[in-house]
Amino acid sequence: MFAAEFEYHRPKTVAEAVKLLRKVKGSRPLAGGHSLLPAMKLRLASPAALIDISRIAELSGIKSTKDGLKIGAMTTHAAIAASAVVRKHCPVLAETAGIIGDLQVRNRGTIGGSVAHADPGADYPTILLLLDARFTAVNGKERQIAAEKFFVDLFTTSLKHGELLSSVTIPSMSSGASAVYLKHRHPASSFAVVGVAALVQVKKGKCADVRIAIGGVTVTPVRAKAAEKLLTGQAPTPENIARAADAVSDAIENPLGDPYASGEFRVHLASVMTKRALIQVTG
Amino acid sequence: MVERMVDLLARELKMDPVDVRRKNLIPPFMDGYQVATGLTYDTGNYEGALAKALEMAGYEKLRKQQKEMRAKGEYLGIGLCTYAEICGLGPSQVAGAVGFGGGLWESAIVRFHPSGKVNVMVGISPHGQGEETTFAQIVANELGVGVDDVEITHGDTEKTPMGWGTYGSRGTAVGSGALMGAIAKIKDKAKTLTAHLLEASVDDIEYADGKFFVKGSPSKSKSIQDVALMANVAWNMPKGLEPGLEASSFFDPPNFVYPFGAHIAVVKVDAETGEIALQRYIAVDDCGKVINPMIVAGQIHGGIAQGIGQALWEEAVYDDDGQLLSGSMMDYAVPKAAFFPKFELAMTETLTTVNPLGVKGIGETGTIASTPAVYNAVADALAPLGVKTINMPLTPERVWRAIREARS
Ligand SMILES: Cc1cc2nc3c(=O)[nH]c(=O)nc-3n(C[C@H](O)[C@H](O)[C@H](O)COP(=O)(O)OP(=O)(O)OC[C@H]3O[C@@H](n4cnc5c(N)ncnc54)[C@H](O)[C@@H]3O)c2cc1C
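Going down the list, the sequences are from chains X and S. Each residue of the first sequence is one higher than the one before, counting from 1 in the working numbering. Each residue of the second sequence is one higher than the one before, counting from 1001 in the working numbering.
Be a bit skeptical, because a hint or two may be false.
As the list claims (entries may be wrong) - Computed list of lysine-lysine pairs in DSSO-like fashion (alpha-carbon distance at most 30 Å, straight line):
1) Lys160/X to Lys70/X
2) Lys160/X to Lys149/X
3) Lys1239/S to Lys1220/S
4) Lys1268/S to Lys1014/S
5) Lys41/X to Lys1336/S
6) Lys1072/S to Lys206/X
Just so you know, the hints here were simulated from the structure itself, not pulled from any lab data.
Only chain X is shown next, with the shape it has when bound in the complex (with noise of 0.2 Å):
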């Protein structure tokens, strides 16, 4: 199908792009386009104009800052996993990054549009959510805005209209700590159908920051807390492993489900998942 008709701007700085999102009305950014051009050409989406961000060169690029990574929200996906930057950080950012979709989808896709677009199967946000990033969004003045409170619903997060996602900002992960994002990838779509994040810092003998995290299994990302919190303070054995990962469902409500993988099916594959994404961090 063909999209419906849109007018087209390319701004050069963010200041501009963030004029234009006011000014023209029914406007929204696009960035790597892997995600609102499909949605545009089944009709999901018709913007009125869509004011294309890809061309602002303080967009991009990966800076170690003393708040951590600094990542620009037209970063790609095959830019993170190839940084050495990210790789010597967060290595597991790198990972993730590494398993999205295919060659073509990391090579187009971005950060920013991942986040933004929210998709419940995207693997960014599950690994933003345990690695407590920070959002930063502009609109003449810059706002910061928390992992928890970004992802607000299915496709939905509380960016304002009107308003550009800058950068991403990863804080460092405490030395010691160790952190691993598995997939379980959708045949057709290459989509996380769940991703499980988890870290742990094993100091002496005793789990401790501890963090998980579940996607693909409900509108946003959620943090298991019930489980994380079962395992804080306790040796990593195989049987204190098994009991937080048995207690994730609890931190699941209204599981999604489709044709390839039912709502029962994922939280039985999240709790799987994070059984093994334990041990491995763990061992």
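Given chain X, put chain S with the ligand in place with the hints provided.
Below, chain S with the ligand alone, put in the same frame as chain X:
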């Protein structure tokens, strides 16, 4: 269906599925075998293909490995399929008898130009199966010309003779029959002309490697290109022989052809998540005479991928109102190259008697064998858990539910 039944029977009888198949395979035959359903299979050596596949797979070793893994709670499965396919459709008389609205013969025109180049117009029209290459090789080989000197035209009905279509793995099985008929006519006429030019008797003219020569004195010879030139200029034709070197032929096969083979799939099933990992895939196929091994392998590869797609991924899902839910490539899982291990292929060559070259079909064998081979492998992996039947495609959720049900 049949292949599943054989495996279920093996399980009931507590026999190895290989042994059940061996007991039931028709022994090798080279000149027709009438089966219970009334059809006469052309030629077959089913045990030969099976033995080769088992050897390539290292079957005994795999069974040992399976036992060891089961002891550790890991589920390895080995699945077999021995198949014989009916294809190369078919005698036109059968088409008439079963109410098929057309004939099932094929046609070809071979035109030898004075330049030594050959134009071939065929009724059969490949759409990706590679017969442009296969046919050019046949003509080059039979007429002793370079493969680059042969041009195949198909699908252009302004130029080509009538054909009945590429399906039922009949393109080469039937199409090459017509081609060989036209080639034989060309050779016959060239022989007559050579005899006239060399002042010898037609019965003394022999042909080899693009040359016609007098029996016993190979120095007295003419290349096929020379003969073609002489036929086309017609300066010195024997009485009654028309100028030109062109022939047309129609081929109606006397029977179907029956390619066969044995495939083995090795899978590992994750009993917790229901995920299936394809570990190895071994295919031994017999399509009679192999003309172009790479094209044959390509057909087998594609067929295997499609057949496994049916077993594991592809499904059109409708809701209760008849709305298609798997309506896009983001929902409907077609097999991709990265889903597969490297296929391990081998051929056996049992020629058919149905057509001049002894070729059978190869376009569909992969799809026929791979669906049951992979299904049988998954069922074999899950046998110790008591799982017998799962609906296809064997998605992780279906596998997981089947295991859960069998356990409770
Ligand atoms: C075949 C295929 C497979 C895929 N597989 C996966 C997968 O396995 N995992 C995965 O996570 N994703 C997957 N994706 C999605 C892919 O990662 C997309 O690229 C990504 O979701 C959107 O990024 P984009 O840059 O293309 O954004 P676009 O499509 O350009 O935009 C998406 C939305 O975000 C908005 N937007 C974009 N940038 C900004 C910004 N800076 N500020 C505010 N709003 C903004 C747009 O207005 C739009 O609403 C797949 C996509 C395809 C086509």
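Outcome of the hint check:
A distance of roughly 21 Å separates the Cα atoms of lysine 160/X and lysine 70/X; the hinted pair therefore holds under the 30 Å criterion. Distance restraint check for lysine 160/X and lysine 149/X: the Cα-Cα separation of roughly 13 Å lies within the 30 Å cut-off, and the hinted pair is therefore satisfied. For a cut-off of 30 Å, the pair hint linking lysine 1239/S to lysine 1220/S stands: about 22 Å separates their Cα positions. Between lysine 1268/S and lysine 1014/S the alpha-carbon distance is near 22 Å, which keeps this suggested pair within the 30 Å criterion.
Distance hint between lysine 41/X and lysine 1336/S is fulfilled; the C-alpha atoms sit about 24 Å from each other, no more than 30 Å. The hinted pair formed by lysine 1072/S and lysine 206/X meets the criterion: a straight-line CA distance of about 29 Å does not exceed 30 Å.
Comparing the model with each numbered hint stated earlier shows that all of them hold.
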